[in-house]
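Engineer: As a plain string of letters, each chain reads:
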Amino acid sequence: MKIKEIFNTMVYGPAPESAAQANEFLDAHDRTFQLFINGEWKKAEKHFETVNPSNMQVLANIAEALESDVNEAVSAANKALKDWVKIGGRARARYLYAIARQIQKHSRLFAVLEALDNGKPIRETRDIDIPLVARHFYHHAGWAQLMDTELKEYKEIGVIGQIIPWNFPLLMLSWKIAPALAMGNTVVLKPAEFTSLTALLFAEICQNVGLPKGVVNIITGPGSTGAALVNHKDVNKIAFTGSTEVGKIIRKAIAGSGKKVSLELGGKSPFIVFEDADLDSVVEGVVDAIWFNQGQVCCAGSRLLVQESIQDKLYEKIKVRMEKLRVGDAMDKCIDIGAIVAPVQVKTIDELVQKGIEEGNQMWQPSWVCPQDGCFYPPTLFTHVSPSSIIAQEEIFGPVLVAMSFRSHQEAVKLANNTRYGLACSLWTENINLALDIAPKIKAGTVWINSTNVFDAGSGFGGYRESGFGREGGKEGLFEYMKPKIEEQFSEKPVKPAIQKSKIAIPAGIDRTAKMYIGGKQARPDSGYSYIIKNPQGETIGEAPEGSRKDIRNAVEAAHANGKWAEMTGHARAQVLYYIAENLSARKAEFSKRLIEMCCYSQADADAEVEKSIDRIYTYAAHADKYDGQAHHTIQRNVTLAMPEAVGVMGIVCPDEAPLLAFISSFIPAIALGNSVVVIPSETAPFSATDFYQILDTSDVPGGTVNIITGPKEALAKELAKHYDVDGLWYFGSKEGSKDIESLSAENMKRTWVNYGKYRDWMNNEQSEGTEFLRHASEIKNIWIPYGA
Amino acid sequence: MTEIRNEGIPFDTKYFENININRSAVERRANSLGGRRTVKKEYQAAWLLKAITCIDLTTLAGDDTAGNVERLCAKAISPVRRDLLEAMEMTDANITTGAVCVYHNMIADAKRSLGSSGIPIAAVSTGFPAGKISFEQKIDEIKKSVEAGATEIDIVISRELVINSKWEELYKEVKACRAACGDAHMKTILATGEIPTYTKVAKASWVSMMAGSDFIKTSTGKESANATLPVSLVMVRAIREYHELTGIKVGYKPAGGIQKAKQALDWLILMKEELGEDWLQPNLFRFGASSLLGDIERQLEHYVTGRYSASYRHAMA
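As you go down the protein sequences, you meet chains U and F in turn.
Heads up, the first sequence is in my numbering, so the first residue is 1 and it goes up one at a time.
Heads up, the second sequence is in my numbering, so the first residue is 1 and it goes up one at a time.
The set of hints was computed from the structure by calculation and includes no laboratory data.
Bear in mind that the values here come from a model prediction, so they are computed numbers and not experimental data.
Virtual Cβ for every residue (Gly too), placed ideally from N, Cα, C.
Each hint should be verified, as a subset may be incorrect.
[Stated by the list, open to error] Simulated pairs of lysine-lysine, DSS-like, Cα-Cα distance not exceeding 30 Å:
id, chain 1, residue 1, chain 2, residue 2
1, U, K313, F, K272
2, U, K105, F, K14
3, F, K41, U, K333
4, U, K564, U, K313
5, U, K313, F, K40
6, U, K493, U, K758
7, U, K233, U, K758
8, F, K262, U, K105
9, U, K313, F, K260
10, U, K233, U, K475
11, U, K722, U, K735
12, U, K260, U, K155
13, U, K105, F, K41
14, U, K550, U, K739
15, F, K272, U, K324
16, U, K155, U, K485
17, F, K260, U, K4
[Unchecked claim] Sample of chain U residues at the chain F side, in silico, Cβ under 7 Å:
id, residue
18, I6
19, A15
20, D127
21, D280
22, R775
[Claimed, not checked] Among chain F residues calculated to face chain U with C-beta under 7 Å, some are:
id, residue
23, R23
24, A45
25, K50
26, V146
27, R237
28, V304
The whole structure should be built from the sequences, with the hints applied where relevant.
Structural biologist: Here it is in structure tokens:
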């Protein structure tokens with residue numbers, strides 16, 4: 001175009017980023033890549049093509065790792081593990097630092113390669129993805145340095161299998177590899193099939209910094225490669241980011257194996273706008289929420305919830321803004337939206353949009369058309385969508401925003417939480433009181449106030465519900481890559497005091513009927529059955545109610561109905577716990593006697609268990625107002641609050657042994673942090689628990705906080721695992737039982753904590769008390785609060 | 001180009017009392033804009049030429065004399081070397097700066113130097129830069145500048161009225177200035193570097209527009225903080241809302257600290273994105289700048305020749 005014509009029209013022109021050096025890199029590899037195993041490139045038998053979605057041209061051939069390659073990679077990681085642990089955190093810090101430096105030095109090459117392979121705008125890879133990658137390695141170099149002194153009680157997990165998605169290829173690699181390496185693990189990482197290239201460039205960097213062979217292995221390939229990795233017996237943990245569907249498959253596949261797992265899955269995150277928000281800024285927030293990375297973001301603010309009083313004004317502003325968005329080649333420096341990763345994704349997006357139209361929702365797209373030569377999809381807005389609509393429920397994973405209105409703050413919270421997911425939330429108001437009132441009420445791992453889609457290595461990221469579990473980033477994220485050293489002391493058999501063979505006097509007298517305890521009231525079993533309880537010498541000592549699935553249902557409902565407990569301050573909860581301890585102390589003799597009757601303990605052992613139980617309650621009363629969060633040092637100007645929140649309603653399945661102490665040790669930490677619990681006490685010795693409800697009744701514990709269901713442990717545990725409205729489940733029992741719990745819990749992704757048939761000594765404080773219990777009873781929510789008047 | 005002037009609207013706090021500007025979000029948008037839009041090669045050259053036509057080429061110094069004002073006016077008439085314009089086929093495009101901007105007592109010199117070029121003279125007024133003179137003196141100064149031949153008057157507002165939220169008084173002050181301007185166009189300088197919050201910048205923008213300003217302008221160039229992209233974003237969004245409300249297009253003038261061609265492009269992009277192409281013309285957009293032109297000339301020579309330029313190769317103002 002002639003200068004005069006441009007001068008008169010003031011249009012934008014093409015502004016392409018050069019691909020020359022990225023092409024040189026690809027050519028240097030003859031556009032064919034192999035597998036990075038044990039620090040070397042291993043020739044693969046089969047290859048598949050990777051395509052630039054902006055123009056559908058083939059970029060390179062990528063190796064397909066077969067099961068034998070996976071085996072080789074895992075074995076290389078396994079071999080490297082010992083030395084990688086041995087060199088210590090401080091030496092590992094140097095490697096991570098070197099990697100960070102290398103990423104910075106080659107930042108543009110990474111950015112260009114990523115934009116070519118993925119289709120996301122070069123602005124995003126250059127200004128957001130790659131700087132965050134370098135930051136992640138720097139931050140975790142620091143954690144490696146500090147591990148030996150700050151995290152003394154923890155050790156590495158071992159070989160980590162990591163499977164990452166295509167939407168943030170290198171960033172997700174860094175989120176996986178940096179903390180794993182820092183904590184002394186070795187990794188086998190599988191990039192997404194669509195986007196392997198930056199991971200392969202990263203492999204070269206590992207070579208360049210002299211990373212010991214086998215510490216990082218990168219195996220490319222399709223889902224079957226990932227499946228082989230997931231199922232490999234020598235992999236100690238799987239870290240997965242991707243779809244909820246695949247996350248559930250992985251959860252089930254490794255259930256009971258003892259492999260740890262962290263899953264960062266899908267989302268349908270709410271973007272809530274209150275009437276006092278800065279609406280022009282909200283509009284840009286919407287752009288960053290749903291048109292960032294073409295909306296292919298697990299935490300994309302894809303559900304716009306607008307206060308009814310401003311909805312028309314906001315929709316109009318959004319439409320005006322959408323008209324100005326530019327879609328085009330990822331390498332163009334003058335666009336907002338790049339290419340969708342692959343045709344199959346465009347198809348999925350379009351099918352959902354068509355369904356949205358068929359459902360009668362109001363659809364709006366800008367007047368301009370997308371380029372035709374690549375995988376493009378226009379920004380799309382649905383307004384006046386009802387929560388029952390498919391497009392309001394399903395993750396579209398594309399540039400499609402669905403909007404609906406709310407009337408009150410309460411309704412906003414309800415709509416926001418009306419989803420199976422719980423990854424993130426963005427909320428907009430200029431009223432700090434409102435913002436900090438709403439943020440804790442949203443089921444989401446991250447809440448951004450007056451901002452959206454901001455990330456930092458110093459802040460944990462992860463979800464609730466079917467968005468998965470585990471956190472990545474921040475101190476909270478490290479726990480995914482280390483385990484307590486104390487676990488090595490657990491034994492293969494239950495730890496319990498010796499049985500006294502003497503004859504025990506079973507008291508005659510008035511028949512005391514043990515009942516269950518639901519919603520603060522004693523309850524008879526729905527089944528109408530009782531079962532006989534015998535002591536280890538075979539003597540009948542009483543009958544207990546035989547709980548069934550309906551009792552579980554009632555207990556879970558009662559637990560949910562109790563809103564009071566969670567709203568109390570830590571101090572107030574501590575007071576109640578102290579009161580419980582006080583009341584138990586007053587009835588020490590009676591509880592000792594029960595233990596002797598049920599378990600044939602010696603008087604001394606019985607007294608010791610009761611005394612320890614009282615002490616343990618004291619410990620968690622002490623923690624109740626002290627297990628608090630952090631204000632993270634993130635890189636933007638904001639306060640990032642990392643708040644531990646109660647998981648919600650938790651199921652707690654007690655072991656058979658230590659019927660009083662294990663019962664206390666497991667449910668008290670859960671309620672100390674504000675959870676409501678449904679407890680299945682020792683099946684063989686339930687009376688310590690059924691005696692205990694009298695103590696609860698007299699200690700100001702709100703009804704529904706603790707619910708006790710006696711009966712067949714495994715069957716009741718499975719009901720809890722299957723229940724959609726149970727948020728977390730602890731299981732102390734057999735290996736097989738652990739497997740069932742993990743497998744059945746996959747459906748709603750409830751948090752599970754099981755013992756895989758390894759047994760604690762409940763009398764040992766180090767093994768059976770402390771922050772490890774509290775950590776599993778809570779989730780960290782990160783609330784980002786930017787400031788500036 | 002005929003246009004409807006902003007005659008203002010009656011004072012009413014309802015238009016601005018609920019304004020809440022979120023600084024962090026505004027800064028985020030302003031910071032990402034340069035990454036979202038850019039112009040290269042012939043597009044950049046065309047845009048830079050457009051930027052020149054939007055410059056109020058300014059000298060506001062204590063040592064201004066007839067001599068340097070004369071040079072300034074000559075540069076305004078012919079801001080780009082002829083061979084460069086020829087190479088860009090732009091000799092017939094009448095590339096001049098948007099105006100020259102001087103103190104009141106230099107108007108006569110400017111008028112003489114600009115002759116029949118048609119380039120408007122802007123005079124800073126109302127006790128520029130601090131505005132600490134009596135109201136009567138302010139009105140008197142405007143009238144005298146208009147009489148002397150200024151067709152554009154850049155007034156400064158009383159910052160204490162903004163600081164103390166005396167919005168109606170501010171309205172009256174600006175409205176009186178506007179009346180004194182007569183046919184001369186009025187640019188209202190908020191001196192944003194001395195306004196404590198973005199929310200107050202937005203409110204002051206509203207009051208100034210409601211009182212009939214033809215342009216709103218960031219700074220005198222004499223405050224410690226000059227024009228920034230975030231503050232501009234706040235002001236142009238107010239212009240947009242005022243346009244939506246009244247149908248009237250108010251112009252925008254960032255001033256102070258704009259020295260580089262790249263900055264000029266950032267502002268043009270901001271205007272195009274937030275307000276649209278209409279605001280990329282000198283009737284609705286001006287830069288208040290003195291050294292910007294020199295950098296643009298160097299960039300244009302680089303475009304034409306492929307060599308990085310030197311300032312001595314371009315006529316000084």
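Engineer: Would you mind marking each hint as holding or not holding in the structure?
Structural biologist: Structure-based check of each hint:
1. U:K313 <-> F:K272: 21 Å, holds
2. U:K105 <-> F:K14: Between K105 (chain U) and K14 (chain F) the Cα gap is close to 54 Å, so the pair fails against 30 Å, i.e. violated.
3. F:K41 <-> U:K333: With a Cα-Cα distance of about 13 Å, the restraint between K41 (chain F) and K333 (chain U) holds, given a limit of 30 Å.
4. U:K564 <-> U:K313: 39 Å, violated
5. U:K313 <-> F:K40: 36 Å, violated
6. U:K493 <-> U:K758: With Cα atoms ~7 Å apart, K493 (chain U) and K758 (chain U) stay inside 30 Å; holds.
7. U:K233 <-> U:K758: Answer holds: K233 (chain U) to K758 (chain U) is near 19 Å, not above 30 Å.
8. F:K262 <-> U:K105: 25 Å, holds
9. U:K313 <-> F:K260: Since the Cα atoms of K313 (chain U) and K260 (chain F) sit roughly 37 Å apart, the hinted pair is violated (cutoff 30 Å).
10. U:K233 <-> U:K475: 28 Å, holds
11. U:K722 <-> U:K735: 18 Å, holds
12. U:K260 <-> U:K155: Given pair K260 (chain U), K155 (chain U) holds - Cα atoms ~14 Å apart, limit 30 Å.
13. U:K105 <-> F:K41: 28 Å, holds
14. U:K550 <-> U:K739: 23 Å, holds
15. F:K272 <-> U:K324: Within the cut-off at roughly 10 Å; holds.
16. U:K155 <-> U:K485: The given pair, whose Cα atoms are some 6 Å apart, holds under the 30 Å limit.
17. F:K260 <-> U:K4: 22 Å, holds
18. I6: 4 Å, holds
19. A15: 5 Å, holds
20. D127: 5 Å, holds
21. D280: Where the cut-off is 7 Å and the nearest Cβ of chain F is about 5 Å from D280 (chain U), the hint holds.
22. R775: 32 Å, violated
23. R23: Status holds, d = 4 Å.
24. A45: 6 Å, holds
25. K50: 6 Å, holds
26. V146: 32 Å, violated
27. R237: 5 Å, holds
28. V304: 10 Å, violated
The structure does not agree with the numbered hints 2, 4, 5, 9, 22, 26, 28 stated previously, though it agrees with the rest.
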